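Number of protein chains: 8
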Amino acid sequence: MSTWRVFLSGEIHTDWRETIMDQSNALDLPVEFSAPVTDHAASDDCGAVILGDESNKFWYDNKGAKVNAIRTRTLIEKADIVVVRFGDKYKQWNAAFDAGYASALGKSLIVLHDPSLTHPLKEVDAAALAVAEKPSQVVDILRYVIRGHLYR
Amino acid sequence: MSTWRVFLSGEIHTDWRETIMDQSNALDLPVEFSAPVTDHAASDDCGAVILGDESNKFWYDNKGAKVNAIRTRTLIEKADIVVVRFGDKYKQWNAAFDAGYASALGKSLIVLHDPSLTHPLKEVDAAALAVAEKPSQVVDILRYVIRGHLYR
Amino acid sequence: MSTWRVFLSGEIHTDWRETIMDQSNALDLPVEFSAPVTDHAASDDCGAVILGDESNKFWYDNKGAKVNAIRTRTLIEKADIVVVRFGDKYKQWNAAFDAGYASALGKSLIVLHDPSLTHPLKEVDAAALAVAEKPSQVVDILRYVIRGHLYR
Amino acid sequence: MSTWRVFLSGEIHTDWRETIMDQSNALDLPVEFSAPVTDHAASDDCGAVILGDESNKFWYDNKGAKVNAIRTRTLIEKADIVVVRFGDKYKQWNAAFDAGYASALGKSLIVLHDPSLTHPLKEVDAAALAVAEKPSQVVDILRYVIRGHLYR
Amino acid sequence: MSTWRVFLSGEIHTDWRETIMDQSNALDLPVEFSAPVTDHAASDDCGAVILGDESNKFWYDNKGAKVNAIRTRTLIEKADIVVVRFGDKYKQWNAAFDAGYASALGKSLIVLHDPSLTHPLKEVDAAALAVAEKPSQVVDILRYVIRGHLYR
Amino acid sequence: MSTWRVFLSGEIHTDWRETIMDQSNALDLPVEFSAPVTDHAASDDCGAVILGDESNKFWYDNKGAKVNAIRTRTLIEKADIVVVRFGDKYKQWNAAFDAGYASALGKSLIVLHDPSLTHPLKEVDAAALAVAEKPSQVVDILRYVIRGHLYR
Amino acid sequence: MSTWRVFLSGEIHTDWRETIMDQSNALDLPVEFSAPVTDHAASDDCGAVILGDESNKFWYDNKGAKVNAIRTRTLIEKADIVVVRFGDKYKQWNAAFDAGYASALGKSLIVLHDPSLTHPLKEVDAAALAVAEKPSQVVDILRYVIRGHLYR
Amino acid sequence: MSTWRVFLSGEIHTDWRETIMDQSNALDLPVEFSAPVTDHAASDDCGAVILGDESNKFWYDNKGAKVNAIRTRTLIEKADIVVVRFGDKYKQWNAAFDAGYASALGKSLIVLHDPSLTHPLKEVDAAALAVAEKPSQVVDILRYVIRGHLYR
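Chains as they are written, first to last, in the working numbering: chain S, 1 to 152; chain F, 1001 to 1152; chain A, 2001 to 2152; chain V, 3001 to 3152; chain U, 4001 to 4152; chain P, 5001 to 5152; chain W, 6001 to 6152; chain R, 7001 to 7152.
Here chain S stands alone, though its shape is the one from the complex (with noise of 0.2 Å):
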């Protein structure tokens, strides 16, 4: 397979996406990353400033989603591999959403978060191939089911 096509959903506010993709650009690894709109601001006003605002909070954020949806839900589809990330704060609603959409379909699924979230995400775990704690982990991870060979 010429390309792996990774999707990298879910926490917006560290650079850990910058991480995998950077490490994984030095390895030269084969390949193609993609993610939700990673801006908070545009991610929550897209719809309203594309389609038209909205006073009613409620459908302000439900333009804002959907359209939003036609990005990850295309992309998810495409994916080979959905790498989940789960941070210290906020709902994240969204990235748990993401993974089971992604299990629903056959994802190959990861799941990257702290030990200290083991106990709330464990029926998203359960779901996945691989749980990592950091970035880098995903990177050898790629690295090693494109290559093949694992360096210790």
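Hints in this document: simulated from the structure, not taken from any laboratory.
The structure displayed is predicted, hence computed values, not measured ones.
One or more of the hints may lead you astray.
Straight-line distance between alpha carbons at most 20 Å, and here's what the computed DMTMM-like set of lysine to aspartate or glutamate pairs gives [what the hints assert, rightly or not]:
id, chain 1, residue 1, chain 2, residue 2
1, V, Lys3089, V, Asp3044
2, W, Lys6078, F, Asp1044
3, F, Lys1089, F, Asp1044
4, F, Lys1057, S, Glu133
5, A, Lys2078, U, Glu4077
6, A, Lys2057, A, Glu2077
7, F, Lys1057, S, Glu77
8, U, Lys4057, V, Glu3054
9, S, Lys57, F, Asp1114
Fit chains F, A, V, U, P, W and R to the given chain S structure using the hints.
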């Protein structure tokens, strides 16, 4: 359709399921309800109790979450409608995972939560065919979609 | 097959459904009929009445249409045969939408309309296994495909 | 994803497709657009011209509609996003059929129409991830979901 | 599994279906048999009789074949096992079509024919889980796979 | 869509495939054609020659037919359009099998045959989006559905 | 869900199936058990006995294995849960094949084996939602996932 | 089809993969080969090395097997043809698991083994489109199904 199958996912610390089931039964609606195991301790310990203890917390949780998944995934796959309830406590990532899983399978999704959770749940709500605030609204929806009559 | 499930989609202002159901029952055909909600006002208002009013007309309609979709999609997915009736009034885009939806799911599609509508319905008719002009012809088809006898 | 495939279904009497394609090209968006045959006469006559004339109008239309379906269904199935435009004239049942077909296949649906059509299109809109009024809004959505940047 | 559904496709000029059904009933096997319409004239004329005559032979046949397809496809899709019988007369392309259709749906295929037809049926036989020469062998297979006992 | 994949199934004793391919190439149509193995002897003997001889004719044929199925099924599953040609000789059950297989997979089916075969092919034709009599009509269809222009 | 369907695959030389079925019945669990044919000689000879003898050992086995597949695949596809038992003798590749087959279909997989087999079964166990050592643990799992109560 | 994707599963202690790949390359066949990780130690240790050590042997193996599954399942799902080789040593349940997994996905399965293994592999062989004894036969099959010419 003689019987509608409805899976009630999510929050396990209030009596919303009983409310929905009691009101539906009082209306004599032809609904077969199902749910995840709602006994929190049982749900945590089932893997270790049945299959053998684990000293490592991660595997203790993993074992239990997988046993629960036998129930949860089977019932979601059989369901016509999946209702997911979010409360004001705990991470509830399993609820959001179920919503994503049900959504990818094309199930009709109803989300039930307080308006105060609208913003963090916007991606989940965007996948739903109805967003309710009270259990009685879920019953009203079931009555309407099954009977085809609207009680005003 | 002990029971055939037939969904009757489309026009709601004439009694074509009753005609089909009455004649089928008179013939004692083992058919379980279902249909969208055919009470026009209920179908328009169900979202707002059950889930809360909306001042914005778009969301008022959107809320209702989604609640109706819980019924419609579930029943189409369960159906063996989908009959779609087009009348001479109104836009009836929901009928054509149902026909496309049923067609993509591989359901046997029967379209029922006056010959005067042949040209604008040509794409819908092209996806059908039968195009009838009168409700009694639909009953004749049901009797034939279920019983295997042709009454001349 | 290097290229997004977008099918532009529906109304064929205004230049909305050209507007979307021109603006997308001007932005250098990596989109491969496709569409049904938009030459009305060709679309009507293709069956009879290629496969032989039909004196009966129903079969004349049927033959053509099926040849068109070879193009339309193939392209919808390959598409990531299906945009369906409704104008103010004609029955346009083929547009609604395409919307239903795309929806059942799980495609991201964008509906484009004047607000005056909101009520009769409510079931179609309810299946969409975005409802736009102007072609430029469709381009804005494509730019946003592909590039991930929101231009305010 | 309380009931096995078996569709008996193909040749309609000998009594092989009755043989299989009688012997199965004599053994009290829990099988629900179904079949295409086996009245040749009815099968030819159903479209024209029910939906209106056609002077053009192609459309006369087309109309009838589609009405028959409502029965045939529905029953094949519901079947667990599809038995296809080839006789020594006629083209029987509908039988081979049903075999291909059933095979693509993953149904268990049993082909029933005289050894003299082995060569022209090799592609059909290659898709089958059993190739029988006599109806009684089909009954023996049904008894074996349902009861799990082999009568020698 | 940059390339359309067309599988040419059926009759192997006339040059209809070459006609279609030559005319398509002359028109510079972006089509990738594929076909079953059309060397009759090779198709019969491939199993025995590659995997070892068989004295029993049934298994000789079975072995070969399965090796051919590796090619045929893979290419049908990749195809956008499946053209099936029926000639005036031989049983051609493999052609009808391919038509049924392609139909169940939802491929666009074009059937090519002389009008004298209309009656025995009515079930196959009923599953097709076009029924042509001459190879040049297939090329005309490909040109039309790919280019969107109708040459009268 | 009124009845859970559980397929018991694998080892046929001990009474583990009877243990599971007896204990489940004693608990009055609403489970419909099924299994491959567990009479070793019948399973080997069914093809030749029913469809005719084969002198070549490969085809003798092939014929029988395919007849058994009619039973096995149908029952696995109908199952909600597939339990696969590995013993300490024989190759048992059919058991591992069934596990892979069930896994690809998304069935809930429970593997039952002695800890001494952990290493060679690691890929099979990795696809399972539970790995048990004793039949009684399988019953405990069934009781828990069906009843939702954990007996400690 | 410009490139055929072939996954080479199973036995890792002889050079059969290299033989197939070398001979295919020498013939300039357009095949993209892939395989599980064939470095036995790496395959055993990858989970623990990348994601952290495990003192419990079961989880040590489980972690590794799941990481390997990311590679294996992705590549099997992308493959057109899956070749599974069984040798004369070890349990090789992962090979049989892959065969079942590939079979349920509808992949063309080729099994490669010594005739001495025919009886225990009968269920696996029964799901295959070809059963070969030597790697060169697999290459001959690939050449034949891709090129369409039979070299005698």
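Hints versus structure:
1. V:Lys3089 x V:Asp3044: holds, 17 Å
2. W:Lys6078 x F:Asp1044: With Cα atoms ~30 Å apart, Lys6078 (chain W) and Asp1044 (chain F) exceed 20 Å; violated.
3. F:Lys1089 x F:Asp1044: This hinted pair holds, its Cα atoms lying about 17 Å apart.
4. F:Lys1057 x S:Glu133: Status holds; Cα separation ~15 Å.
5. A:Lys2078 x U:Glu4077: holds, 13 Å
6. A:Lys2057 x A:Glu2077: Given pair Lys2057 (chain A), Glu2077 (chain A) is violated - Cα atoms ~29 Å apart, limit 20 Å.
7. F:Lys1057 x S:Glu77: violated, 33 Å
8. U:Lys4057 x V:Glu3054: holds, 12 Å
9. S:Lys57 x F:Asp1114: With a Cα-Cα distance of about 14 Å, the restraint between Lys57 (chain S) and Asp1114 (chain F) holds, given a limit of 20 Å.
Taken one by one, the earlier hints fail for this structure at numbers 2, 6, 7, listed in ascending order.
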